[in-house]
Amino acid sequence: MASVTISNIRKSYGGLEVLHGIDLSVANGEFVVLLGPSGCGKSTLLRMVAGLEAINSGQISIGNVVVNDLHPKDRNIAMVFQNYALYAHLSVFDNMAFSMQLRKLPKDEIRRKVEWAASILNLTPYLDRQPRQLSGGQRQRVAMGRAIVRDPSVFLFDEPLSNLDAKLRVQMRTEIKELHHKLSTTIIYVTHDQIEAMTMADTIVVLRDGNIEQIGKPLEIYDRPANLFVAEFIGSPSMNFLSGEVGAEAGRPVVRANGVTLPLPLDAKVTAGQIVKYGIRPEHLRPGAGSEGIPAKVSVVEPTGPEIHIYADIGGQEVCSITQDRLELSPDDPIRLVPALDKIRLFEPATGKVINGPDESRPRTLLRA
Amino acid sequence: MQETFWQKRLRDVAAVLVVGLFMFPLFWWALTSFKPTSAIFDKDGIVWFDFKPTLVNYAVTMLGKSRAELAIESGNTFGIGGASSYDSRQTIIDSLIVAVGSTALTVLLAVMAAYALSRMRFFGRQAYLNWILSQRFMPPIAIIVPVVFMFHYMSLLDTRLGLVIVDTLINLPIAVLLMKSFYDDVPADVDEAAMIDGATRLQIFRRVVLPMVKGGVAATAVLCFIFSWTEFLLSLFLTNSIRTLPVKITTFVTSTGSEWGFIAALGTTAVIPSFIFILLVQKQLVRGLTLGSLKE
Ligand SMILES: Nc1ncnc2c1ncn2[C@@H]1O[C@H](COP(=O)(O)OP(=O)(O)OP(=O)(O)O)[C@@H](O)[C@H]1O
Ligand SMILES: [Mg+2]
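If you're matching them up, the sequences are chains A and B in order. Its first residue numbered 5, the first sequence is counted upward by one per residue in this note's numbering. Its first residue numbered 5, the second sequence is counted upward by one per residue in this note's numbering.
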């Protein structure tokens, strides 16, 4: 087990810089998820930690050792790849034993360790099989087994579940989390799937275009996104955004959007005339009774089972509202939507930064310059 | 798509027809090799099975008997001519040495060169690949004169080693490109996983990647073997006492007529080594030609 410290890492391919100075520290035993859209540089960062990509500038340390110039095999890391990267010609046993055979460990020790890993991962019946005789989930477990027998100080995962079907993905998610609980090894896990990130991470690092947008605990990031990008990226259906201008009504601050008045909490840090994006998550925008709430018109109703997703039009802007009430609604019905005042986030449209957001001096929340 | 009964029948019939079309010349050639000269050329028509099978053609080409000897033995002296220069045993041995030697050398060089080309990023890599490919465009006849001179100065003319070298040179480009495509099918992640597992480059090559492209190696080897086994032009120019099979067969066309029986016997025999070789690597070959490794 070890901590990982990444300081001011930059990476360019040819003349193109893809990572623009990344700072990140991962505590011993922490499960960190690097989350971001395709092409944001997650894999590149992970591969630099693994030693598979050269570092242009900056420093990476594992434990207290600067590993910039260390060969991957000397970094004591293990990596699980998206397409498993199994040794197709070797049995499951030999796949897992390979690293120990290279180190010329005694045979009985190798056997003991492989059997231990196989029992953790439920692979014991398959040890003699070839990888091609296994299902996708089993292959992924072999890849994990190959990683855990080495007893590494850091596990690196690069989108390990993206080749699996939805059901298996949910199951493997739990298994990886359990594995982390059992071994309590530091994990850096790359994904573009926000559900995966939310469910597994101790800490989520949101990346975009080679910059860190926000670092925080899953719920922290969900509840207090630092900017528009994070707010939009996390959550499904994603947060509603309404453009408008700050005004006042009956002594309270409000946002006026296309003639519709959107309420704000009394203590909102806004000035009249300010242009803002008014953000509210669908589950915090509920259909109201009687004449309270923002007037809207239903456009689509999607029952999902546990809840109903109502898409509605507020002054020409589309929003989504989620309710567990069994409402009978059809398109074009008038409806009133009530936002939970304490959940409203306001963003500056120009910079995307949150206005009434989290305390920006929080040590691990790095905002984009 | 579910095939109907008739679609299935139709496909079977088509398969039989295609196989028949390609097998017929082989069959005819093999049949001819058992015919007496009188049945090969019959002024009244084509002889199919209406002849007395004979092993004369094989006895002459494979056992080195002279035809006169055999004719006298059997009491049939129709169409006697020629001496025992039809003995092809040495030819087969020479051809085997050249084909096996050049195949081994080509494959040895190609598996290493192709691995480097597939995995390593070095300056001029693409140019180098294009250059290799361009070697493939070059017709052997274009280089024959300089090669003859070079071989003369290096005393490689009329040696088996010389033929091994020249066949290797001709085969190497296609072998490298073919092997590279097999390596390219093995994801680079596999190399990286092995690297993290602690393997050196050489260990990755020998213990991980090479075993994963076994099928490709077999396919490449078969290709090289068949090329070398049937190569005619270079052997013709570079040898005179050593005769590989294709060259030897041309000597059966003489000023007094073509010895179709002997040509057929030797031609039929010549199919056997390729056949055995392909049979040996058949399992790898099918895998090699379909799928290099484990892919999603
Ligand atoms: N070998 C390379 N040569 C040139 N550019 C590269 C190379 N590898 C990655 N890039 C570029 O670097 C950027 C980041 O790539 P990276 O693979 O890290 O993205 P990612 O976040 O992992 O995306 P994905 O979710 O699609 O895997 C991309 O714009 C990509 O085009
Ligand atoms: Mg990636």
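Please note that the accuracy of each hint is not assured.
On the chain B side, residues computed to face chain A include the following (Cβ under 10 Å) [said to hold, decoys possible]:
| # | residue |
| --- | --- |
| 1 | Asp54 |
| 2 | Lys56 |
| 3 | Pro57 |
| 4 | Ile147 |
| 5 | Leu173 |
| 6 | Pro177 |
| 7 | Pro191 |
| 8 | Asp193 |
| 9 | Ile200 |
| 10 | Asp201 |
| 11 | Gly202 |
| 12 | Ala203 |
| 13 | Thr204 |
| 14 | Gln207 |
| 15 | Arg211 |
| 16 | Val212 |
It is worth saying that the hints were derived from the structure and are not from the lab. Fair warning: this is a prediction, and the values are worked out from it, not measured in the lab. Backbone N, C-alpha and C fix where the C-beta goes; we use that ideal spot for every residue, glycine too.
- Message: Given a cut of 10 Å on the nearest C-beta pair, is the interface hint for Ile200 of chain B held or broken against chain A?
- Response: Holds - the Cβ of Ile200 of chain B comes within 10 Å of chain A, reaching about 5 Å at its closest.
- Task: Would you settle whether the hint for Val212 of chain B is holds or violated, based on the nearest Cβ-Cβ distance to chain A being less than 10 Å?
- Result: 6 Å, holds
- Task: Closer than 10 Å between Cβ atoms is the bar; does Asp201 of chain B clear it against chain A? Give me holds or violated.
- Result: Result: holds, 4 Å to nearest chain A Cβ.
- Message: Does the closest beta carbon of chain A sit nearer than 10 Å to the beta carbon of Ile147 of chain B?
- Response: 39 Å, violated
- Interface hint outcome for Pro57 of chain B [beta carbon to chain A under 10 Å]: 48 Å, violated
- Any CB of chain A closer than 10 Å to the CB of Asp193 of chain B? 4 Å, holds
- Item | Residue hint Leu173 of chain B, partner chain A, criterion CB-CB below 10 Å | Check failed: Cβ of Leu173 of chain B comes no nearer than 31 Å to chain A, outside 10 Å.
- Item | Cut-off 10 Å, beta-carbon criterion: hint that Gln207 of chain B touches chain A | Holds: closest Cβ of chain A sits about 7 Å from Gln207 of chain B, inside 10 Å.
- When the least beta-carbon distance from Pro191 of chain B to chain A is tested against 10 Å, hint result: With a minimum Cβ separation of about 6 Å from chain A (threshold 10 Å), the hint on Pro191 of chain B holds.
- Item | Restraint satisfaction for Gly202 of chain B [CB to CB of chain A, less than 10 Å] | 4 Å, holds
- Any CB of chain A closer than 10 Å to the CB of Ala203 of chain B? This interface hint holds because 6 Å falls under the 10 Å limit.
- Report holds or violated for the interface hint on Thr204 of chain B, using the least CB-CB distance to chain A and a cut-off of 10 Å. Cβ of Thr204 of chain B sits 9 Å from chain A, so the hint holds.
In this structure, the earlier hints numbered 1, 2, 3, 4, 5, 6 are contradicted, and the remaining ones agree with it.
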